Structure formats: structure tokens, C-alpha cells
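**Student:** Same order as they appear, the protein sequences are chains W and Z. The opening position of the first sequence corresponds to residue 1 in my numbering, with each subsequent residue numbered one higher. The opening position of the second sequence corresponds to residue 1 in my numbering, with each subsequent residue numbered one higher.
Keep in mind that the hints were calculated from the coordinates and are not lab data. Nothing here was measured: the structure is a model prediction, and the numbers come from that model. The reader is advised that the hints may include incorrect statements.
[Unchecked claim] Heads up, simulated BS3-like pairs for lysine-lysine below, C-alpha to C-alpha not over 25 Å straight-line: (1) Z:K15 to Z:K80; (2) Z:K257 to W:K375; (3) Z:K15 to Z:K108; (4) Z:K68 to W:K375; (5) Z:K79 to Z:K28; (6) W:K137 to W:K189; (7) Z:K15 to Z:K180; (8) Z:K108 to Z:K83; (9) W:K189 to W:K50; (10) W:K333 to Z:K180; (11) W:K162 to W:K189; (12) Z:K352 to W:K340; (13) W:K207 to W:K61; (14) W:K375 to Z:K180; (15) Z:K223 to Z:K180.
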Amino acid sequence: MMIYLDNAATTKVCDEAKAAVMEGLEAFGNPSSLHHLGVVSEEILNNARKTLAGSLGVKDKEIFFTSCATESSNTVIFGAAKACGKRRKKIITTTIEHPSVAAPINELEEQGFEVVRVSPDENGRITPESIISLVDKNTLLVSVMYVNNETGYILPVKEIFKGVKRANPDTVCHCDCVQSFMKLPFKAKDIGADCISLSGHKLHAPKGVGALYVKSGVRILPLMLGGGQESGFRSGTENVALINSFAAAVKKLEPTVMQRYETVLSLKKRLIAALSGKEGIAVNSGDDCSPYVISVSVERIKSETMLHFLESRDIYVSSGSACSKGKKSSVLKELKIPEKYLDSTIRVSLCAENTEGDIDAFVSALLEGQASLAKIR
Amino acid sequence: MKEMILCKYGEIALKGLNRNTFEAVMQKNIKHRLKELGNIEYSRSQSTLYVEPDEDVDIDEVIDRLSKVYGIVKLCRAKKVEKSMEAVLSEETTDYLREALENAKTFKVNAKRSDKHFPLKSPEICREMGHVIGERFPHLTVDVHDPDVTVIVEIRETSAYVHAGAIDGAGGIPIGTSGKALLLLSGGIDSPVAGCMIAKRGATIQAVHFEAPPYTSERARQKVEKLAEKMSAYCGDIKFHCVPFTKIQEAIRDNCKEEYFTIIMRRLMMEIAVKIAHKEDCQCLVTGESLGQVASQTMYAMVCTDAVSTLPVFRPCIGMDKSEIVEISRRIDTFETSIEPYEDCCTVFTPKHPKTRPTLADVESEQNRFDFTEMVETAVNDTRSYYIKTY
Numbered sequence: 001m002m003i004y005l006d007n008a009a010t011t012k013v014c015d016e017a018k019a020a021v022m023e024g025l026e027a028f029g030n031p032s033s034l035h036h037l038g039v040v041s042e043e044i045l046n047n048a049r050k051t052l053a054g055s056l057g058v059k060d061k062e063i064f065f066t067s068c069a070t071e072s073s074n075t076v077i078f079g080a081a082k083a084c085g086k087r088r089k090k091i092i093t094t095t096i097e098h099p100s101v102a103a104p105i106n107e108l109e110e111q112g113f114e115v116v117r118v119s120p121d122e123n124g125r126i127t128p129e130s131i132i133s134l135v136d137k138n139t140l141l142v143s144v145m146y147v148n149n150e151t152g153y154i155l156p157v158k159e160i161f162k163g164v165k166r167a168n169p170d171t172v173c174h175c176d177c178v179q180s181f182m183k184l185p186f187k188a189k190d191i192g193a194d195c196i197s198l199s200g201h202k203l204h205a206p207k208g209v210g211a212l213y214v215k216s217g218v219r220i221l222p223l224m225l226g227g228g229q230e231s232g233f234r235s236g237t238e239n240v241a242l243i244n245s246f247a248a249a250v251k252k253l254e255p256t257v258m259q260r261y262e263t264v265l266s267l268k269k270r271l272i273a274a275l276s277g278k279e280g281i282a283v284n285s286g287d288d289c290s291p292y293v294i295s296v297s298v299e300r301i302k303s304e305t306m307l308h309f310l311e312s313r314d315i316y317v318s319s320g321s322a323c324s325k326g327k328k329s330s331v332l333k334e335l336k337i338p339e340k341y342l343d344s345t346i347r348v349s350l351c352a353e354n355t356e357g358d359i360d361a362f363v364s365a366l367l368e369g370q371a372s373l374a375k376i377r
Numbered sequence: 001m002k003e004m005i006l007c008k009y010g011e012i013a014l015k016g017l018n019r020n021t022f023e024a025v026m027q028k029n030i031k032h033r034l035k036e037l038g039n040i041e042y043s044r045s046q047s048t049l050y051v052e053p054d055e056d057v058d059i060d061e062v063i064d065r066l067s068k069v070y071g072i073v074k075l076c077r078a079k080k081v082e083k084s085m086e087a088v089l090s091e092e093t094t095d096y097l098r099e100a101l102e103n104a105k106t107f108k109v110n111a112k113r114s115d116k117h118f119p120l121k122s123p124e125i126c127r128e129m130g131h132v133i134g135e136r137f138p139h140l141t142v143d144v145h146d147p148d149v150t151v152i153v154e155i156r157e158t159s160a161y162v163h164a165g166a167i168d169g170a171g172g173i174p175i176g177t178s179g180k181a182l183l184l185l186s187g188g189i190d191s192p193v194a195g196c197m198i199a200k201r202g203a204t205i206q207a208v209h210f211e212a213p214p215y216t217s218e219r220a221r222q223k224v225e226k227l228a229e230k231m232s233a234y235c236g237d238i239k240f241h242c243v244p245f246t247k248i249q250e251a252i253r254d255n256c257k258e259e260y261f262t263i264i265m266r267r268l269m270m271e272i273a274v275k276i277a278h279k280e281d282c283q284c285l286v287t288g289e290s291l292g293q294v295a296s297q298t299m300y301a302m303v304c305t306d307a308v309s310t311l312p313v314f315r316p317c318i319g320m321d322k323s324e325i326v327e328i329s330r331r332i333d334t335f336e337t338s339i340e341p342y343e344d345c346c347t348v349f350t351p352k353h354p355k356t357r358p359t360l361a362d363v364e365s366e367q368n369r370f371d372f373t374e375m376v377e378t379a380v381n382d383t384r385s386y387y388i389k390t391y
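Chain W on its own, in the form it takes in the complex:
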């Protein structure tokens, strides 16, 4: 039976989300239409928005639906630059962001913005002070992820954003919460970010839908112009079916955040216990990491070789992060994973549906692979 341990890449669509897609497809009216069919579709959107807003503890009008978290983050970064980039030119971020945040910031740097990328300290940790101390009156944007997608490292975003706001209340605080939403218990005001990027397919909804929270009063200009949907913030006819599905998944997961956290944490502990003391194997995700993501290194075995070996046992993990299709991970290096492991690291990422049996099967396959596979010389 298939054992899927790549939930940080994407997740299996849950039944509730599938049913919601169908419901959204049946209501085929354009939400902007004045007739009854339009009203029905709009009602679906309103309810979905309410669900998302409730889950973050924010107002409905502060939630905007997008096509994915990449779009959400691009919107914040370019939209903030468009709104206030003439006067304030400084952007602060970290060296361990997801490419959907790192790439648009690189682009702004080429356009003349001053970008400061904070690297983790020798323990692989970002301290709030290292970011806050850089904020000045010229700072436009601070973008910091909540949970790193390669090791699960939880960044001290609450302290960071609180300090940033104290130093310059005008600075836009953006948080990529793709790997934390519905996994760690938090509300928007807990982390104090002005903008939050979310993705549907990481929480058992389909690919193709994301959301963005923008606190009222924060000035972000839209990237997509057109028919004025999403209060003019994101034009384009709304994807009613997938938005409905996203909300259905959130509705299902919201009441069980803590319960699932405990389940997944016990699975992580089981995995770590099973691998502890094994020669040549290191678990890179410690106690300050989200239990959903576990980075494991097997000395001298190439990540991709191990990945395909596990695949032949019907166990699915990823090497580094799945978004980069085999490219070497600079993020692991930044997180101070020892040099010898950089080429030999796989990522196990869990969901609450994984079982102890899954973990045991993974561990025994990993050890089998370690014993039989050809090593890097």
C-alpha cells in the first residue's frame, strides 16, 4: 500500500473538498451576474470568505482569493512596491524563504530596491533582533516565513513582526504561512503580520487556489486589473469551485488543529527514536521545528537515489523541496546543515492521516537503502 510522506509538497484532496468542488461547479453562474444564478455563486464565495476569515480571526473583507500562494506573495511584494516604493526602498527578508517570496524580491532588487537578506546564525536560527535592528524609516517591507518548507524550522515571527512595527509602523509585514496554516494553532493577530499568504493544496484542497490576508488600511496595489472582482484587488472571474473546496477543507481541519498537531508530533518522535543512534543518519529537524516536516540525512547516499529507492517500496518523500526538481538546496546550507549532508538529505512531511505503521515502514526501508545503495565516494 502506498505510503505518502510528501505532504509539504502537496496533499491528497479530502472527500469534503472534492464534494465542494462539485457543488461549486454545479453553481455555474458568474458571481458578478445580477440575476439569481449570480447570486447563488456569490453566496458560495461569501461563505468561503467567512470561513477563511474566521480561521484567521480577521474580517471577511480582509481575505482575497488567488490562484496559489505564489500569486499571493507576489501580490504583496510587488503591490507594496507599487504603492509605496517611490519613497521607501528597503526590503528585509531571510535567506531561507520559499522561491515564491525570494524571486519577486530579487526582481525588485534588480529594479533598484535595497534588499537585506538575513542569514541564520551558526545554530541555523534567525533571531528577532537580527531583523528588527535593520528596520529604519526607509523600510518598505519585511517578509519572513512562519515555517520553513525544507526542515520545518519555526521562525520567531511574533517577536519579529512586533519589533518591526515598533521600529517603523509603516513597514508592511508579510508572512508566508503555507506550511503553518491549519498545522500550528495561530490567528493573524498572534503573529502580527499585515499580510499572510495561504495555499489550498497543502491542506487537502485541490491545486489552483490560494488566499491572501491583507489587514485593512495596509496599502497594497493590485497586480491584476480588469473587472474589479475581489473588491478590485484581484480581477478575474472567481474560481468558485476551488474556492468553495478550499473553504471546505479549512472547515474540516479547523477544529482539529491541536489534535492533529499532537498526532503528528508523536509520529515525529517515533521516527526520531527509531533513527537515533544509527550510524551515518542525522535528523535535522529538532524541537524548534514543526512536526509536519522532518529533514533526514543519510551520509553518502544521494538524496535522489534514496528518494527513488523508497519510491520502489511505494514510499514517497522528497529531496530538498519538491518545487525545485532536483536542484541543490541553498536553504539547507543557510540553515547550517553540515556540508556533507547537503547532497544526502530527504524531506519527510506528514499529515494526520499517516500512521505509526507508515513511520516504521519508512524507517526500515531507509535503513535497507542505506545498507544496499551505492555511496558517494
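Given chain W's structure and the hints, the job is docking chain Z onto it.
**Tutor:** Relative to the frame of chain W, chain Z by itself:
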């Protein structure tokens, strides 16, 4: 208006008694490449193949496909008109040339009269045609030495053809006229280029690929299949043989000295390829090797690998620099696929310091530490073969 394409042969025209065979093979190749595009008429005369698609056929696609057919040196997209001066000089004809002429400053007219019964001689045709073009496009001036556009009027047996110049074809001779070749296709930049170069000289190409899961991924195989698909736009349909190679690589690792690893691996690949070539009735092997490019591509190494081949091993890239190979790979559109970053079977097993000057005796005695016969046999038997096509 009837638009059509004149395909001019190069070398085939110089063939003697078997020229007809070459022409027939080329026409068959072309028909195969174009068949799904709709109804197209073909005829041949005077070293030219006439391709006349029906009006509803996408002629840009026809030209694109023809430009990749080996055996054609020049392609002219032409208007076919009645064989009379009136038709040649009509507004409709000059309108056909409008786009080319409006974007030019200077022009000249060339005429070719292969039908000597036509009342006007070539210089007279040029003069008259030049005159009407000058009248209808007053911004143009004549430049007989270096014109922006050369209008060509061809008076042939049954009709006249007018066009604004030829584009280059792929050259070479038609596929299927030189025998069958088995290409060792790795996924790198060089081997697709080598395959196309041999195909250009008329060979039908089959490809053999060695995969070593879990050291290589499904994506790596897909990448090689994509390369074969891109090659097939030039080489025609490619029979693809995928050989399971993991056990052999692991056996080499376990039994032979590290520094000989690559050379022994290549010898075993060659041995398997020869067996497949015999099964498929191929007359040669083709590799993308370039002299001295890497340790396994020294002359010493080639002596050792060729010792296991009973067939000639052709290496069309042997004297080329990487930059020259890259240039061709860009032209045949395989470059972007070749540089996709997937794990390649050799990297985990690559020795730190491979032998660059192995002797055959040393390699053989190193390889004899293990009897690979049965594994080679199994690999050949477990090879999966299927066709890869573009169209």
C-alpha cells in the same frame, strides 16, 4: 490563389542510375511527416519535388516540417501560375509578393526557363517582371548585386512559379538510404547531435538508453524520451530500447577497481548495444563521443571500448569542440532538453580519478574479476523497446 512548395534536392541530383530510388525514398519520408496535415499532392521533375497542399492545409506547418527533412537543400514557398507572361505579370502575382517587397528597399528579378519553348528568354522575363514590380511598388529600386529581395520566376514544364527566394533545407540525403544505426543515447548534449548527423547521411536511427533506477529517475528517462522525440522531427520515427542497467553497475562497483569503473561500464554498454544491434539488423553503433572531452573519451579508452564491438562505431562529433556541438544541438532544438538537471546514471558511480590511459590488457583482467555474461544476457532480454515519434 494556389500556394505550394518547391523542394530542391542537393546531392541526390548528382546520383546516377539509382537517383530514382533516392527520390522515391525522400518522397515517402515527406509523405509520412506530412500525412496528418491534410490532403497534399506530390510530383517530381527536374531535381525538384513539388508539394501542393490543399487550401485548408496549414502551409507554415508544412514548411516547418519540410525544413527538417534530410535530402532537401532549399525550400521555396511559391505561387503557381499559368505558364503565360500575362499570368506572371498579373496584379495577383505581384500581390503575392507584397509582404516581402513592401519590407524591402531594393530588389532584383531572376528567371529560370527550363522550358525552352516559352516565347520569352530569361533576360526578357526579368526585364518585364522588373518593370511591373517597379511600377506597382514605386519605393523600390533595382540592385542586381546585393538586393534585399530576389524575386524568382521559374518557367517549368507545366506551370510557372513565382517566389521571393528560398530558405535553407536540412541538407544531407534521405533517411533510409544508408542502412540502420543504433545510437547510444545518454541524455547529454552530444548524443542527440551525433544521431542527427548520422541520420543526415541517410541512416535510419534506433536508440538505446541505459537506465539505473533508483540511481536514475523516471524523469531522467522521460527526458531522454523527449530528446528522442525532438530528434525524430529530423530522423523520423525512432525505435527506442531501454535497458535496465542497475544490477550491472552494482556488480562493477562490488567487484572491480574504482578507477576502471567507467571504462568497464562503457564496455558492457557497448556489448549490450551490439547484441541489440544484431537483433535489429543495425549495421553500426553511434556515440556522441568527442576526443578528449572526458576521461572515457580518450583514444586509449576508445581502444578498450571498441574491442568489444563487432560493428563499426561511428562518432560523428569526434573532432568537434563542445561549442560546435552545442550550436548544432540548438539548431535541432535538443539543447534545452539536454541541460535539464536530472540525476544521470553515471554520477554516483563515477570514480574520483578515472584511468585516462587504460590498456586493453589491464581493463580486460580487471573486468574478468566477475563474470558479467549472465547479467548482460538478462539486461538484453529485459530491454523494453517501443517507437518514439513526433508526428
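**Student:** Decide, hint by hint, whether the structure agrees.
**Tutor:** Right, here's what the structure says about each hint:
Among the hinted pairs, Z:K15 with Z:K80 is inconsistent with the structure: their alpha-carbon atoms are about 28 Å apart, more than 25 Å. For the given pair, Z:K257 sits about 15 Å from W:K375 by alpha-carbon distance, which is consistent with the 25 Å threshold. Between Z:K15 and Z:K108 the CA atoms are separated by roughly 33 Å; this puts the pair beyond 25 Å, and the hint is violated. Pair hint Z:K68 plus W:K375 does not hold up; C-alpha atoms about 44 Å apart against a cutoff of 25 Å.
At most 25 Å may separate the alpha-carbon atoms for a hinted pair to count; Z:K79 and Z:K28 meet this at roughly 24 Å. For the hint linking W:K137 to W:K189, the alpha-carbon distance of about 23 Å falls within 25 Å, and the restraint holds. Distance check on the hinted pair: Z:K15 and Z:K180 sit about 21 Å apart at the alpha-carbon level, within 25 Å; holds. Restraint check for Z:K108 and Z:K83: satisfied, since their Cα atoms lie roughly 21 Å apart, inside the 25 Å limit.
Proposed proximity of W:K189 and W:K50 is supported: the alpha carbons are some 17 Å apart, at most 25 Å. The hinted pair formed by W:K333 and Z:K180 fails the criterion: a straight-line CA distance of about 50 Å is larger than 25 Å. Note on W:K162 and W:K189: the hinted pairing holds, with a Cα-Cα distance of about 10 Å set against a maximum of 25 Å. Under the criterion of a C-alpha separation no larger than 25 Å, the hint pairing Z:K352 with W:K340 is consistent with the structure, at around 16 Å.
The straight-line distance between the Cα atoms of W:K207 and W:K61 is roughly 23 Å, inside the 25 Å bound, and the hint therefore holds. The straight-line distance between the Cα atoms of W:K375 and Z:K180 is roughly 39 Å, outside the 25 Å bound, and the hint therefore fails. Straight-line distance between C-alpha atoms of Z:K223 and Z:K180 comes to about 24 Å, which keeps the hinted pair within the 25 Å bound.
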